[in-house]
Every structure is written in C-alpha cells, then in structure tokens.
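Q: For reference, the chains in residue letters:
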Amino acid sequence: MVFRFIQLFLIATILVSTVDADSVNPAIISAPGYGDLAYELPAIGSYQLPPLGEASNGEVLIAKGQTRTLYELFDDKYVLLAFIYSTCSDVNGCPLTSHVFYKIKSAMKRDQVLASRLKLISLSFDPEVDTPSVMELYGNNFRYAGSAGEWQFVTTASQQSLDPILKSYNQVILRETDSSGRTNVGYSHVLRVFLIDPERNIRNIYSVDFLHHDLIINDLKTILQQEQASDQTIKLAMVSQQTSQLSKPGDNKLGYELSSYVTDSQDLELRKGTKADLLSIASNPPLGLPAIPVPADNPLSREKIDLGRKLFYDRRLSLNDTFSCAMCHVPEQGFTSNELAMAVGIEGRSVRRNSPSVYNSAYSNLLFHDGREENLEQQAWGPLLANNEMANPSIGYVLNKVRQIEDYRGLFEEAFDGRGVSMETLGMALASYQRALVSADSPFDRWRYAGDQTALSDSAKRGFEIFTGKAGCVACHSIGERSALFMDDQLHNTGIGYRESMGIFPDKQPVTVAPGITIDIDRAIIDQVGEKQATDVGRYEVTQNPHDRWKYKTPSLRNVALTAPYMHNGSLSTLHEVVDFYDQGGVPNELLDPLIRPLGLSSQEKSDLVDFMQSLTGSNVDTLVADAFDAPVGDVGEGDPSWVHGSEVEVR
Amino acid sequence: MTQSDKKLWLVLLFTLLSVTMASAATDEIGGDFTLTDHNNDTFRLSQLQGKLVMLSFGYTYCPDICPTELAKLAVVFDTLKAQSDRLQGLFVSLDPDRDTPAVLSDYVGYFNSGIVGLTGTETAVDEVARQYRVKYQRNHKDGGGYSIDHSANLYLIDRKGALAAVIPYGMPVEHIVDVVRGMLSGDG
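Protein chains in written order, with my numbering: chain F, 1 to 652; chain B, 653 to 840.
Simulated from the structure, these hints should not be mistaken for lab results. Please note: incorrect hints may appear among the correct ones.
Claimed, not checked - One-sided excerpt, in silico: chain F residues whose CB lies under 7 Å from chain B:
1) Pro-95
2) Ser-98
3) His-99
4) Pro-127
5) Val-129
6) Val-134
7) Asn-140
8) Ser-147
9) Val-294
10) Trp-447
11) Tyr-449
12) Gln-453
Said to hold, decoys possible - Below, in silico cross-link-like pairs of lysine-lysine (DSS-like), each with a Cα-Cα straight-line distance of 30 Å or less:
13) B/Lys-812 / F/Lys-64
14) B/Lys-733 / F/Lys-109
15) F/Lys-310 / F/Lys-221
16) B/Lys-733 / F/Lys-64
17) B/Lys-733 / B/Lys-703
18) F/Lys-508 / F/Lys-221
19) B/Lys-793 / F/Lys-103
Computed from a predicted model, the values in this text were never measured in an experiment. All C-beta atoms, glycine included, are put in the ideal place defined by N, C-alpha and C.
Chain B extracted, bound-state conformation (with noise of 0.2 Å):
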C-alpha cells in the first residue's frame, strides 16, 4: 500500500465515521422494540401492525404523572369502547428492577385491560426510551428508596407501526380521544 492509498483510507474512513455519526444524530424517532410484557411473554411493538398503539412511559411507583396518563388512557378505551378492538395502549416501565412483569400486571389491571405493561432488562428499556426520546433518571431520595424524573408525552403509533404523532403532556383527555378518533378513522 502505498502513502498515498493510505491517505485515501483515513479520508474514506472519516468520511464514513462522520457520516454514522450524522446520521445517530438525526436518527429518526421511534421504531420496532422487544420487551416483556406483563404476563412475562416477548412482547413485539411490530406484533401489534394492524392496531393504533398509545404508547407510554414511566413506573408503577410514580406518584402522579403515571396514573394519570393511564386514567387517561382508560377514558380513552371507554370513550371509544366500540372501536377499542383497533386500539393498544403500552406502558413501558423505566424502572425495570421494581416493575416485574407481575408488579406490571397487577399495576396496569386497575386502568384498563387494554393496556399492556411493558418491562425488560435496564439496557433493553434504555433502548427504547433512547429510541423515543424519553428522558429518565432516578432520584435517590434521602431516607432510602428512589424516585424517577421522565418525560410524559403520549406516543401515538399507527396501524403500520410509523410514529403518527406525539401528544405533549398535559393535553386534557378530550384532546387524546379527537387525535385517536381521527386516526382511527381517517389516514391512521
């Protein structure tokens, strides 16, 4: 190999390193994922092609954030009880070491039989958070115990599995039921 093949080496190998790094950082949103759900069976985001998927995060110790979106989810399923048949709801735990598939199940059974818990390994659900842009991280409290602060949009997933769209937080349950209602219906 001669110097100057090598010099055209490192300039394909930057090129490529730069272009990886390009394109991690556009990276789109979302995407197929692998987890166990809450009856501890593999659990396929692409197993569920064909139903509209409301996809949350957080952990059953949460306080207040978690419960709510799931009410609202719920609300959702009632609202919609006749369409509900087309409708998914998951809830990934972010903290996969308390939220065991059985923690998971007893949790996600007071909201709504529709809505499937999600756990897995810590890189498993780092994965997927990663790939949707949840934020987490665990507080330690003082006396013991810990806290997780994350991110709380509602994922909105079509029949396909493309990420349709994102609902921020504190959008009232009215607004969650005209996005799914319209999904469902129109080009969802």
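Excised from the complex, chain F in its bound form (with noise of 0.2 Å):
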C-alpha cells in the first residue's frame, strides 16, 4: 500500500512538471483518461486495495422515475460510480466521466468477466435539470449501441435526498456564482469516481488524473484476483467443517488479508466433550487403515490409554505447570496447530519446525520430522525435554513431579500391573493415547475400499488419477490394495530445506499487520528485528551422512485438510500452495529427491488434486476430538504445591 501511494505521489509529479512544461494554455490539456496511460500499470494481483470505507446508501430515480436505493442498484456487483449533471461542460469533469465510462463499456464488449462483475453508474447532482427523462434519454444510448455490460443513469428526486449522498460521498458542491452573486450555470466540484466491490466497501477513489479505464480495469481485475483466493482458502476451510464439525481452526488467519476477517476462535466454554471409546477405535481401525502395528511389551488396555489421555492434556507436564502436549498437538486443529508455521513452546520459545499431526502416527516408524526417534514411547520424551517446548530439566524431575500429583495417585501401578511412574510407564501411557488416533473411513475409502462410487465427487475422482498417474504422488504417499497410510516411512528432499538453509529469500515480504492492510517489508529489516532461523539440515543431523541432507520425512495425508499449514516447516499455508509447489519441481538443489520434478498440470488438474486430498478426512474426526474435549485438562489447583518452588501457588 505504502508502494501504491509512492507510486501515485511519482505519477503526480510527473504530471504536475508536464503540465508546468506545457502551461501556455493550461485549460485545454486535456486529463490523462482520454489518452493513453502514460506508465506502465502494476501487474494485476501484485498490489492491494485495501477498503477505504464504506459506500453509503441513499434513495435516486432510476428511469421511469421509480424510487431505488443505491444498495439495491449495486444488485451484489462491483460498481464504478459518479457524480455527474447533464450540463456539465468543463472537459476535464463529467465529459471526462463519460469518455472513460464509455472506454471501460467497451471493453466490456470483449470481456465476458467485466460485463458480468462490474456496473457503471452515473448520478446527477443536479435534479432540478436531469429529471428521470433525461436520465431515460442517456440510458437509451445502449438501446442503440453494444449492450455487454450496464451503465445506469440515475438521478434524485430532490435535493433534500441528493444531498445526505452528496455528503456521505464527500462530494462537495458549489453552484458557480459570478461576481454579481447570480447563480452560474455550472457547478464548481471534485471529480471523484468510487469503485465499490459487492460488500459495499470503496475499494479505491480515482481523481481527474487518475480516471483512466485501463487504471480502473487493472484494478478490478486485481480484487477479482485477489477474492477468487480468498474464496479457494474460504471453500477449503469450509470443506473441512462438511467433514468435520468440532474441527475448527482456533485462529489459522485464513482470510486475515480482508478487512471483513472475522476470527474463527471458540470459546472454550463450548468445547463440550464425550468420551469414546478408543481401545474398540484403535482394536478394529476404520475402512482404508490395517491393524495398527502395537509394540510386544505395551499392548493396548483401556487404563493405559486414559492414563495417557490425562498426561497429554496436563499442562504441569512442563517446567512451569503452563504447557501439555495437546498445545502443539490441538485436537480441533488436526493434532496439529493451524495457527503456527512453526510451534511455539513454552515461554514463547520458538521451535524451529511445524508440529506434526498426531492422527495415525501408530503406523510410523520414524517420528519427528526427521525420524530421529523410531517408536512412540520413547518419542515423548523429546517435546517434555526440549528446552524450547516443555522444558522439564531431566527425566527424573518429570517422574517426582507426576508421582507428587495426587490425582495421578495409583493411575501407573493399575495401567502397569503395578508398576509405578517411570520412564517407561510414562511413555507407554502417552504412546498408548496416540496410538489409539487412528482416523480413516474418508469419503476416498468409502469409494476405494466398500465400492460406494457415490462416495467421491468427479473432481476428486479426476485427482485421484493424476494423484497415481501424470504427478506420481503415490509414489511416496502409497496407497495399497486394502488399506492406505499416504505415506513410504521414508524421508525425501524436497528442497524446502535446502531453500531455508540457504537463505533464498524474496527481497521483500508481505506483513498482513492488521486485516485488510497488508505492507510489503524488506527482508533486510525484517533480518534486523526478527530472530534469527535456527539451521536446519534434515536428516544429516541424524546420520551424518551428507548426502542425507534437507531429508524429512513423507507425512501421511489423511485428515491432511485438516493440519494445515503444510511441510516440516509450515511454510505453505493451502493445499494449492501444496500443489503448486510440486507442479514446479520442488526447490532445485544437488540432492533433489529424484522423484520431483516439474509436473505441467493444468489449473484444473491442480485443483482436482487437492480436491482429491479433502476428501481424505476421516469420517470419525469429530469422535476424537470430542473425546479430547471429555479429557481433565491438568492443571495446577488451589493448595496445590507449586512443582517449581516447592511453595503453595496462586491459582492463575
């Protein structure tokens, strides 16, 4: 936006020095809107419009004199409106109006999506001369000449009711008056033309030196631009809500970059929670999932998995009792955290990758996004003891702090055959919770594995076979015969990695501060405030092994419209974003993953396959995350020690 004014401030001054140049007579130049532009308009989308307000309603005539509101006469389309009176005569006010008016309906003619978005109006300032027949009188031009597109004369029926427009449009109006005090013919006024999108916001106000239809077409074309995205992001966080009810977002942004963002945060208080019954879930998987695969020594029981349950919602888990698992891992939020790129840990301590979904991980064998660990006993160690996310100090401090909390009292050793809090038990008990997640039974199983052919839209029909034909996607996210996990248990390069290590990025970013207003920020400053990235190489830090770097493990795609943002550090915001990054071969680098390459699909292939990917979401979603919302949320309570200071705390 900042660009947009600088830009406007420059276009100015050229044309004021031109004018200066030219001053012999200055009152015959004639504005820019009747020539060609003199520079090179932005390309389309690569700017914002942010709204300015917005445009009042009030009550005109339309032709055959009945009474309309100017909200009724926007009929839901963009409008490009004006002040005009018949009589006007200076070249440079309404005639210049109607020339690039008449330019824009032209180009209507040729341009199917102009004629059907946008709408011409011109109002008369002056009532008393341009009563409904006169306006009658110019509409009738169209009777007789190219009839793509509307242009609508109105006018007011007085100007008692022109006048609260004339105001609320900040038009203002003097009749002309000569040195004797009689009134001129003419009116003295600023040439304003408001281009008002279909929710009645002025999305931009051209003056006499900017009226120019090719200005006002580029323009158009960026909001359309620009609302057939946010759509694709709205339709998408709509599909996921078809699938799933309780599934909701806390705060994921979508939409922030318009002003009419309305936050899709809950209240807790309605989060109302049932228990189901995960053992039965986790015994007898939904249709498209095998048996999950279940470690010798910790087999699944009812008490292991509602011991886990109550530690993965327990915030005195972490070193100042604030933080449990199930705040990276949001239930609502796909096990994951819609809201953040990469997690945030206790503190606000910032984590260096995305978290992944908790959904299905029973049937991994490699854990953390570069399989470092390889089970999930022992996985949970790693959040409680990483220093940026749960940050207990030692093993030892987590087992006294859980054997100290009374109402962990006798949990371990009934779970455990009388084992008590270790370790181990420790991990077996969350490992046991999240191996019970398993989510299939998709609207794609239905249609794969019980033959439902209704089951699947034609769309995600047509993505299912560029899926395992032109962009080979199986080959990683593997689909079997009776069951499917989308996924190889392998780690590959995308070059997402190496792009991050390497520092590749745009010279300038766009910041959406507030919604609606977006600025464009160098990289440079924000390299100046922001922290500074921890390195990242994949897989090597693992093994070692240099030809192992920027490797990251294939997530599974099921419930995959539900765990956005996307890769191993949630730096793609939408499945299309997903799709596009594919189509164009990853990020190039030396040890580019063979298997990616450009792939050439047409936007409509883009789209049918991530319509194929929303249509992976479980049909029993909502069962686990109302089983989530049954679950104590552990916290410290009233006359409980503090497990820091060993002192009595204050509740919070």
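Quick one: dock chain against chain with the hints and give me the complex.
A: Rendered as structure tokens:
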C-alpha cells in the first residue's frame, strides 16, 4: 500500500511537471483519461486495494421515475459510481467520466468477466435539470449501441434527497456564482469516481489525474483475482468443516488479508466433550487402515489409553506448569496447530519446525520430521525435555513431579500391573493414547475400499487419477490394495529445507499487520528485528551422512485438509500452495529427490488434486475431537504445591 | 356569489395553479421549435420528419467544444455516407447577436453540408435551449467581448420528431456512430 501511494505520488509529480512545461494554456490540457496511460501499470494482483470505508446508501430515481436505493442498484456487483450533471461542460469534469466509462463499457463487449461483474452508475447532482426522463435519454444510448455490460444513469427526487448522498461520498458541490452573486450555469466540484466492491466497500477513488479505464480495469482484475484466491481458502475451510464439525481452527488467519476478517476462535466453554471408546477404535481401525502395529511389551488397554489421555492434556508436565502436549497438537486443529507455521513452546520459545499431526502416528516407524525416533513410547520424551517445548530439565524431574501429583495416585500401578511412574510407563501411557488416534473411513476410503461410487466427487476421482498417474504423488504417499497410509515411512529432499538453509528469500515479504492491511517489508528490515532462523539440515542431523541433508519424512495425507500449514516448517499455508510447489518441481538442489520434477499440471488438474486430498478426512474425526474435549485438563489447583518452587501457588 | 362559492373558486384556482406549476417542473424534454436557418429561411424542426436529427448547441466563436462536436458530426456523416440522406445535423447558436445566418452559413460549411446552422431572436433561442434543458451563460471578458459557457450534449431526434437519446459530451465519435447506426437500422 505504501508502495502504491509512493507510486501515485510520483505519477502526480510527473503530471504536474508536464502541466508546467506546457503551461501556455493549461485550460485545454486534457486529462490522462482521454489518451493512453503515460506509465506502465503494475501487474494485476501485484498490489493491494484495501477497503477505504463503506459506500453509503441513498434514495435515487431510475429512468421511469421509480425510487430505488443505491444498494439495490449495486446489485451485488462491483460498481463504478460517478457523480455527473448533464449540463456539465468542463472538459476534464463530467465529460471525462463519460469518456472513461465509455471505454470501460466498450471493454465489456470483449470481456465477459468485466461485463458480468462490473456495473457503471452515473448519478446526477442536478435533480432540477436531470429528471428521470433525461436519465432515460442517456440510458437510451445503449439501446442503440452495445448492450454488453450495464451503465445506468440515475438522479434524485430533489436536492433534499441528494444532499445526504453527496455528503456521505464527500462530494462538495458548489453552485458557481458570478461576481454579481448571480447563480452561474455550472457547478464546481472535485471529480471523484468510486470503485465499490459487492460488500459495499470503497476500494479506490479516482480523481481527474487517475481516472483512466486501463487503471480501473487493472484494479478490478486485481480485486477479482484476490477475491478468487480467498474464495478458495474459504472454500477449503468450508470443506473441512463439512466433514468435521468440531475441527475448527482457533485463529488460523484464513482470509486475514481481508478487512472483513472475523476470527474463528471458539469459546472454550462451548467445547462439550463426549468420551469415546478409543480402545475399540484402535483395535478395529476404520475402513482404509490396516491393523495398528502394537509393541509386544505395550499392548493396548483402556487404562493405559485413559492415563495417556490424561497426561496428554496436563499442563503440569512442563517446567512451569503451563504447557501440555495438546497445546501444539491441538485436537480441533487436526492434532497439530493451524495457527503456527512453526511451533511455539513454553514461554514463547521458538521451535524450528511445524507440529506434526498425531492422527495415525501409530503406523509410523519414523517419528519427528527427521525420523530420529522410532516409536511413540520413546518419542514422548523428546518434547518433554526439549528446552523450547515443555522444557523439563530432566527425566527424573518429570517423574518426581508426576509421583507427587495427587490425581495420578494409583493410575500407573493400575495400568501397568503394579508398576509405578517410570520413564518407561509414562512413555507407554502417552504412546497408547496417541496410538489410538486412528482416523480413516473417509469419502476416498468408502469409494476405494467399499465400492461406493457416490462417495467421491467427480473432481476428486479425477484428482485420484492425477495423484496416482501424471503427478506421481503416490510414489511416496502410498495407497495399497486394501488399505492406504498415504506415506512411505521414508525421508525425502524436496528442496524446502535447502531453500531455508541457503537463505533464499524474496527481497520483500508481505506482512499483514491487521485485517485488510498488508505491507511489503524489506527482508533486510525483518532480519534486523526478527529472530535468527535456527539451522536445520534435516536427516543429516541424525545420520551425519552428507547425502541426507534436507531430507524430511513423508507425512501421511490422511486428514490433510485439517492439518494446515504444510511442510516440515509450515511454510505453505494451503493445499493449493503445496500442489503448486510440487508442480514447479520443488526447489532444485544437488540432493533433490529424483522423484520430484516439474509436473506441468493445468489449473483444473491442480484443483482436482486438492479436491482429492480434501476427500481424505476421516469420518471419526469429530468422535476423536469430542473425546479430547472430554479429557481433564491437568492444571495447578488451589493448595497445590508449585511444582517449581515447592511452595503454595496462587491459582491463575 | 356566496361566501362558500368564493372559497370553492379559490380552492379551484389554487388547484389549477399548482397543477400547472407541477407540470412545468416535469415538462418533457425536447419538442418542436421554429428558428431561422443559415439561409435566412424559417425553419421548423417538424419539417425534418422522416430524418434522424442530430441536434447540438453552441456558438461560432466557441474555441473548443463546438468545433469538436461539429467535427464529430462530420465524421458521422462521412462514416454513414450511404445513409446520409436520412440524416440531418443541426447546430443551434446560443449567440444570436453575433451568429447571423451569414456567419453560421460560413461556419457550418467548414464541417459538412449536412449540417444546418440555426439562429433566431434571443427569446426564440432561449426558448429552444429551455426546451432541451441546455444551460448557457455569457462570460464577459476583461478586454471586452464575451464567451459563452454552455452544456454540450448531443440530442438525437427520431424520424417522428421525438427525442430518442441524449449523448453526453465526451463520448468518442465511434459511440455516436454506433448509436446513429443503431437508430437508423432499428426502431429509431
């Protein structure tokens, strides 16, 4: 936006200097709108047109003298609104508007989108002369010439009904008077044309120097493009809500770039839980999943699952009693965090990777993005001890703490045949709960494994063909004959890690500072104030094998519609972006996985692929989320000792 | 006449007056008129029935708008040459003091022979301007002389003499050609 203003200022400066140079008779210099633009327009979509306020309503008269409100005339279209009067003779005033509107009307003949989405309205501010019949005579122009698109001429019943409209559009209009005080024929007014969106927000205001059909069409196309992009994200969010009522992001900032943004945050009080029979879900996984592998020394039991569930939501399992596992693996956000690209741990400490979803982690032999852990029992200790996650100083510290907490008394013993709290049993309990979070029986599964042809939309079926064919996604996101894990339990270099390590960033980054207000900030400025990015070399950190640099594990695509943002660092916000990324062939580097190459997908193919991935949301998601809502949230209560200081704490 | 009769008359009178006033305010725009053409002959608009009329207002001393408008009319005539016999251009002078028939004859001749210049008494011209809602006003210059500010719409009158469309000033000539062509071929 800043850029836009500077640009406008520059143009204005140029214009002013042009006028100076030719100032023999400035009166006859025609406005730029009459000719070709003297400057190159910025690319469509490369700039923002944030709403400038709401366009006002008002009562007007249309051709036959019927009363309408302006809002009725807007007709859910984009509107270009100009104030005119038919006896206006200043060449750079109303006639300029007519000329520019004519150019746009002509463009409508060639451009279907323009014709169907935009409407031109000329509103007279001279109700005395410009009666409805005069407006009708204006409108008649297009009975005879060019019917594509709509240009409507309207007036008002009287000065009294006009005044509030003029005032609300800040159109100061003075009747010109001559030296003797006699009212002149003209009005003096500042020419302004308003571009209004279907939500009735004013998106741009054109004054005489900027009223040009090319600029207006460029602006409209820019808004339409951005509207389409946000429609896609909104549609995406809607789709995931269709399959899961409870999976709602807290505040994932979808549509945050629009000023109409409303947070999706839910009131905690509204979260009503229902306990589910997780043991039977885990023992008999939904359609499309194989039996879950269970370690011989940790068979599933109801007691273990319950205990693990209690531990998973217990904030006391962190150094300062504030941070539970579920705060990064948020149940209603796909058991990941839709709000953060990279996780944030205790006291706001930055974590260098995206929270992986817990759904179907039972099937993975590689845990963490670099696959450094091999089973859930052991994995549990990673976040518990990581300094920037739950930050416990030691294993013993955690065990001692749990042993002291009254409400865990006897639970471990009951679950583990008399064995108490230990490194092993605590890991086993947490593993048991997470292992039970299996989710499938998605529309895809019902189509593929139950033969229900109606389960999958046509576009998702086409997406499946591309997924398994042209795009070759299935090479890593495997689909079997009788079940599908949508992962290969392997690690691959897609180039995302390489790009981050090499510091390949665009020079400027758009930063949305408030809904509808985005500014482009120089990378150098961000680097000055931003936290330095932690190095991340992926699998190499585990194997020390140089060939493993920037390899990360293949995530399952089950419930992928619920688990945005994507990739190991959460750098892609939507599935569309992910498809685009792979379509481009990832980020080339010497270790790029040979399976990744430019795909040459059409936009239809891309959207079919996205539709396919959206069909992978399991039918039991809401059951698992409701069960999570039912879980007790472990917190320090009144009279509890502070597990940090050993003294009594105030309840927060 | 009784007291109540008087009252009745007054009421009737007021009603009549207000009806007249109201109709004056919503008077239809356009209509027939009589002026003098550039050959000094009496000219009635209605004598052109059967032709499509392009009516514009201005004055010959006009520095910018009027020549532009008349040049556009000339382009329309040139473009629609084959149908030019069904077409008539009119240029009504808002400056009868200076624009005598002879002056007008010279002036419109520059543009196209299909355009007739019209003038008349100040009252007659003013009446036509009023009919077509044309606003104009003299601006006296410091060194003597004057210019005239005026509105510059183009009025299209169909073959039956009815005002069919008003083209706002500023529309490019292509548009005027389109509208005229449309009217000639269609219901105009």
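Q: Look at each hint and say if it fits the structure.
A: Verification of the hints:
no.	hint	result
1	Pro-95	holds, 3 Å
2	Ser-98	holds, 4 Å
3	His-99	holds, 4 Å
4	Pro-127	violated, 11 Å
5	Val-129	holds, 5 Å
6	Val-134	holds, 6 Å
7	Asn-140	holds, 4 Å
8	Ser-147	violated, 10 Å
9	Val-294	violated, 79 Å
10	Trp-447	violated, 55 Å
11	Tyr-449	violated, 63 Å
12	Gln-453	violated, 54 Å
13	B/Lys-812 / F/Lys-64	holds, 21 Å
14	B/Lys-733 / F/Lys-109	holds, 26 Å
15	F/Lys-310 / F/Lys-221	violated, 53 Å
16	B/Lys-733 / F/Lys-64	violated, 35 Å
17	B/Lys-733 / B/Lys-703	holds, 14 Å
18	F/Lys-508 / F/Lys-221	holds, 23 Å
19	B/Lys-793 / F/Lys-103	violated, 36 Å
The earlier numbered hints that this structure contradicts are 4, 8, 9, 10, 11, 12, 15, 16, 19.
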